[in-house]
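K.L.:
Spelled out from the first residue to the last, the chains are:
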Amino acid sequence: MSQVILTVDDSASMRQVVTFTLSAAGYTVIEAVDGKDALAKLSRMTTRVNLVITDLNMPNLDGIGLIRNVRTLPAFKGVPILMLTTESQESRKLEGKAAGATGWIVKPFAPEKLVGVVKKVLG
Amino acid sequence: MTDRDNGPGMIDKYKEAFQEEARELLSELESALLELDRKHDDVEVLSRAFRALHTIKGSGAMFGFDDIAAFVHNLENAFDLLRTGKLAVTAPLINLTLAASDQIKTMLDAAAGSGVVDPLRSQEILTELHQLTGMGEARNVLGSLSPHPSRKASSANTVHAQAHDWRIHFRPGPDTLLNGTNPILLLRELQDLGTLKIRVDCSAIPPLGEIDAEKCYLAWDLLLTGETNAESIRDVFVFVEGDCELFIEQVPEVEAEIQARGVSRARAEGANRPGALVAAGASSIRVSADRLDQLVNLVGELVTVQARLGEIAGRREDADILQISESIDRLTAALRENSMSIRMLPLRGTFDRFRRLVHDLGRELHKKVELTTEGADTELDKTVIDQLNEPLVHLIRNSMDHAIESPEARRAAGKSEVGTIHLSARHSGAHVLIRVSDDGRGLDAEKVRARAVERGLVPSGARLSEAEIFSLILEPGFSTAREVTEVSGRGVGMDVVRRSVDVLRGTLDIASQPGAGLTVTLRLPLTLAIIDVLLVRVGDAHFVLPLVNSLECVELTPKDALEANGKHVAIVRGELIPYIRLSEYFQMNTPRPEREQIMVVETELGRYGFVVDRVLGDHQTVIKNLGRLYRNVQVVSGATILGNGTVALILDPHRVVQSVLQNGVSHRRAGNPYPQQQQQTQELIPKGA
Numbered sequence: 000m001s002q003v004i005l006t007v008d009d010s011a012s013m014r015q016v017v018t019f020t021l022s023a024a025g026y027t028v029i030e031a032v033d034g035k036d037a038l039a040k041l042s043r044m045t046t047r048v049n050l051v052i053t054d055l056n057m058p059n060l061d062g063i064g065l066i067r068n069v070r071t072l073p074a075f076k077g078v079p080i081l082m083l084t085t086e087s088q089e090s091r092k093l094e095g096k097a098a099g100a101t102g103w104i105v106k107p108f109a110p111e112k113l114v115g116v117v118k119k120v121l122g
Numbered sequence: 000m001t002d003r004d005n006g007p008g009m010i011d012k013y014k015e016a017f018q019e020e021a022r023e024l025l026s027e028l029e030s031a032l033l034e035l036d037r038k039h040d041d042v043e044v045l046s047r048a049f050r051a052l053h054t055i056k057g058s059g060a061m062f063g064f065d066d067i068a069a070f071v072h073n074l075e076n077a078f079d080l081l082r083t084g085k086l087a088v089t090a091p092l093i094n095l096t097l098a099a100s101d102q103i104k105t106m107l108d109a110a111a112g113s114g115v116v117d118p119l120r121s122q123e124i125l126t127e128l129h130q131l132t133g134m135g136e137a138r139n140v141l142g143s144l145s146p147h148p149s150r151k152a153s154s155a156n157t158v159h160a161q162a163h164d165w166r167i168h169f170r171p172g173p174d175t176l177l178n179g180t181n182p183i184l185l186l187r188e189l190q191d192l193g194t195l196k197i198r199v200d201c202s203a204i205p206p207l208g209e210i211d212a213e214k215c216y217l218a219w220d221l222l223l224t225g226e227t228n229a230e231s232i233r234d235v236f237v238f239v240e241g242d243c244e245l246f247i248e249q250v251p252e253v254e255a256e257i258q259a260r261g262v263s264r265a266r267a268e269g270a271n272r273p274g275a276l277v278a279a280g281a282s283s284i285r286v287s288a289d290r291l292d293q294l295v296n297l298v299g300e301l302v303t304v305q306a307r308l309g310e311i312a313g314r315r316e317d318a319d320i321l322q323i324s325e326s327i328d329r330l331t332a333a334l335r336e337n338s339m340s341i342r343m344l345p346l347r348g349t350f351d352r353f354r355r356l357v358h359d360l361g362r363e364l365h366k367k368v369e370l371t372t373e374g375a376d377t378e379l380d381k382t383v384i385d386q387l388n389e390p391l392v393h394l395i396r397n398s399m400d401h402a403i404e405s406p407e408a409r410r411a412a413g414k415s416e417v418g419t420i421h422l423s424a425r426h427s428g429a430h431v432l433i434r435v436s437d438d439g440r441g442l443d444a445e446k447v448r449a450r451a452v453e454r455g456l457v458p459s460g461a462r463l464s465e466a467e468i469f470s471l472i473l474e475p476g477f478s479t480a481r482e483v484t485e486v487s488g489r490g491v492g493m494d495v496v497r498r499s500v501d502v503l504r505g506t507l508d509i510a511s512q513p514g515a516g517l518t519v520t521l522r523l524p525l526t527l528a529i530i531d532v533l534l535v536r537v538g539d540a541h542f543v544l545p546l547v548n549s550l551e552c553v554e555l556t557p558k559d560a561l562e563a564n565g566k567h568v569a570i571v572r573g574e575l576i577p578y579i580r581l582s583e584y585f586q587m588n589t590p591r592p593e594r595e596q597i598m599v600v601e602t603e604l605g606r607y608g609f610v611v612d613r614v615l616g617d618h619q620t621v622i623k624n625l626g627r628l629y630r631n632v633q634v635v636s637g638a639t640i641l642g643n644g645t646v647a648l649i650l651d652p653h654r655v656v657q658s659v660l661q662n663g664v665s666h667r668r669a670g671n672p673y674p675q676q677q678q679q680t681q682e683l684i685p686k687g688a
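Chains A and B supply the protein sequences, listed in that same order.
In terms of numbering that gives the first Met the number 0, the first sequence opens at residue 0 and continues consecutively.
In terms of numbering that gives the first Met the number 0, the second sequence opens at residue 0 and continues consecutively.
If you're looking for bench data, these hints aren't it; they were derived computationally from the structure.
Please read these numbers as outputs of a predicted model, since none were measured by experiment.
No residue lacks a Cβ here, since even glycine has one placed at the ideal position from N, Cα and C.
Any given hint could turn out to be false.
[Said to hold, decoys possible] Example chain B residues on the side facing chain A (calculated, C-beta under 7 Å, incomplete): (1) 57; (2) 179; (3) 184; (4) 238.
[Said to hold, decoys possible] No more than 30 Å apart at the CA atoms, straight line, and that leaves these computed lysine-lysine pairs for DSS-like: (5) A/96 - B/214; (6) B/38 - A/35; (7) A/40 - A/92.
[Stated by the list, open to error] Sample of chain A residues with no beta-carbon within 10 Å of chain B, all distances over it, derived: (8) 1; (9) 2; (10) 3; (11) 27; (12) 29; (13) 30; (14) 35; (15) 36; (16) 42; (17) 43; (18) 44; (19) 60; (20) 67; (21) 68.
Whole structure, please, built from the sequences with the hints as guidance.
P.N.:
Below you can see the structure in the form of structure tokens.
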């Protein structure tokens, strides 16, 4: 069974890139438009989510808030969470790590880089 | 699908989507700016504007709109200051941003193929932005923001990489698992970089009661050999670097060489210490055997005391004492192993001495004999080796004198003129098997039997198996050679061999084919002092069985216990295993517990089960001899004193099975509590008569 990845980004084009790249690499990708949407989708999920990839700057609930919320959910303890950051967000990266993120991908990234990082945390 | 399919072509398809999205974001930005114009300090609106800029920059860089990304980057920085309150919103700033928004639209149009961008206009806006915000020189270049920067860097590094040894210490933070990092994946990733030797450090695991199952307590010491560099290794740990203990160091070449030669690191370090006793390489020191014996005796005492400590600590339920007791237990085991290994010597020296013996005897007896050896590197306790010399000399003399024929007789029998004596040694569980075989005339069972009758060792009508007949030659005063020679047969026969082997708590088997030779197998314990055992309880009595032979302990349910031809057979993991119930074997008349346990033991006669009331656990045991009175008890190889002071007999599973096989269905026999106490050889004969 293919592994399930939830990608959270308010940018539709970014979501498309992530979805297309990771689908092509054999993963099942679910999309959410912001942190609030992601939490709602996670709470309705009947299958296990193997990885969450989230943007940091989003309306309603931002990436850091999402990470903090996910880490309080018993069902998602220990699920890897990757942040999509830009190089200007070094402090946000640390903030995300402190909130419980597993790692990060720096935008812009080449598709193979994304797949590489996903493989790194999913094995 | 390959990565190539995800390449630039795929990105192009999304440029259009980005164009659309960027225009939406720009109108979002404009409406936010107009709202800000009315209410300068609305943080929520400021955040909206910042997010719009941030997304345009991020996605723009993603899809190759580097000029837009670089341009927006400056605006984003300004809005970051605004939303964090480090800069106040002003009307000129809003107007400038609106102008910038228009400029971005022009850039988007130009990218889509309509119109051209005026780069001067972009620079004008950025210069003005710089003046309004007081930020550092605004750049219109986004040097590091193009994709694949890391790939370039890493490929440049690998060009110069050479195979090196890297020592890595990695202790993940306690919350590593909770944060979604699987340390095993990191180790696997390292394996992609080269050959990885992994040693796990469990020392930080707290007592069971304090363990938080979600925390990570392990650490790893790794030795990586490969064409890699520190950056590549550090890259593996990039996500955890701040939250873990991580040391990466290149192993100096000299030390790497030592490690490659299989010399342990501890030893190499020992060599560097001044005055270290053990130096790297072949250097050694001589210690008198007495001092080694003393050491082993002391360790033996320590093992006994430790068993008592463990027993008391177990009863006390005091975690501190239990922890100390367990540590001492581990140390004692290591100390024991170490001091035992010091006493182990290869048989080579003994074997080599026999070459000379065979040569000299051959000349004396005018026989041509060649000695071949096998397994000369097999190691045995020094005491065992010392005491082994005599019986082996005797066996070889016997073979030379009686078994191997004269060259003429051999030629007549169609054999090669040169006889062969083969000495071999190999490990078998806690024992070493030493075989002396020759290709001489072998034993004639009828002759042996006749001789035994003549000597009054057996009644003339006794029905004996071949093995039983051969064992007769071990009886005192038995000798088949008609004439006394210089070499052997002076009334001292194989009984000398048997006595020496008995002293070593070994056993002796003889196999022979008339005309084809004789093989004597000595089965000797590896060491005489301390062994690992499983402690079991049968009724009120305790027994111990050597751990090396034990395969598994499982519960014996009535439905798994079968009877076949009056013999006990149990089904263990789908396999039929004959078993011996110790309470029956020793006729202990204890009530059978509802649930028994069966220990499956590998003996040289196959797998056998030993059914006991309970298996209590593994122990290190100091073997105490039973003394002269019990010298002939074959199935018990000694006794041991348990932690609480009670005595447990050490069973020899091989001999127990042998006795059951020889006595038929012996587990039902009434009478003597130790059936085998009836001295195999003497009891054998009246029984068969």
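K.L.:
Each of the hints needs a verdict: does it hold here or not?
P.N.:
How the hints compare with the structure:
The beta carbon of residue 57 of chain B comes within 5 Å of a beta carbon in chain A, closer than 7 Å, and the hint placing it at the interface holds. Annotation: interface hint on residue 179 of chain B holds; nearest CB of chain A at approximately 3 Å, less than 7 Å. At its closest, the beta carbon of residue 184 of chain B sits 4 Å from a beta carbon of chain A; the interface hint therefore holds under the 7 Å criterion. Look at residue 238 of chain B: its Cβ gets to within about 3 Å of chain A, closer than 7 Å, so that hint holds up.
Proposed proximity of residue 96 of chain A and residue 214 of chain B is supported: the alpha carbons are some 17 Å apart, at most 30 Å. This hinted pair checks out: residue 38 of chain B and residue 35 of chain A have alpha carbons roughly 27 Å apart, not beyond 30 Å. With a CA separation close to 24 Å, the supplied pair residue 40 of chain A and residue 92 of chain A stays within the 30 Å bound. With 10 Å as the threshold on Cβ separation, the claim that residue 1 of chain A sits away from chain B holds: the shortest Cβ distance comes to roughly 13 Å.
Separation of residue 2 of chain A from chain B is adequate, the least Cβ-Cβ distance of about 13 Å exceeding the 10 Å criterion. Look at residue 3 of chain A: its CB is around 14 Å from the nearest CB on chain B, clear of 10 Å, so calling it non-interface holds up. Listed as a non-interface residue, residue 27 of chain A keeps its Cβ farther than 10 Å from every Cβ of chain B; the least gap is roughly 15 Å. Distance check on residue 29 of chain A: its Cβ is at least 17 Å (rounded) from any Cβ of chain B, clearing the 10 Å threshold; non-interface status holds.
The claim that residue 30 of chain A is not at the interface with chain B holds, since no C-beta of that chain comes within 10 Å of its own (minimum 14 Å). With 10 Å as the threshold on Cβ separation, the claim that residue 35 of chain A sits away from chain B holds: the shortest Cβ distance comes to roughly 14 Å. With a closest Cβ-Cβ approach of about 15 Å to chain B, residue 36 of chain A is found to remain outside the 10 Å limit, as its non-interface label requires. Every CB of chain B is more than 10 Å from the CB of residue 42 of chain A (nearest about 18 Å), matching its label as outside the interface.
The claim that residue 43 of chain A lies off the interface holds: its Cβ sits roughly 21 Å from the closest Cβ of chain B, which is beyond the 10 Å cut-off. At the 10 Å boundary, the C-beta of residue 44 of chain A stays outside the reach of chain B, the nearest C-beta of that chain being 16 Å off. At roughly 12 Å, the least C-beta separation between residue 60 of chain A and chain B is larger than 10 Å, which holds for a residue marked as non-interface. Annotated as non-interface, residue 67 of chain A keeps its C-beta farther than 10 Å from every C-beta of chain B; the closest such distance is 12 Å.
With a closest Cβ-Cβ approach of about 14 Å to chain B, residue 68 of chain A is found to remain outside the 10 Å limit, as its non-interface label requires.
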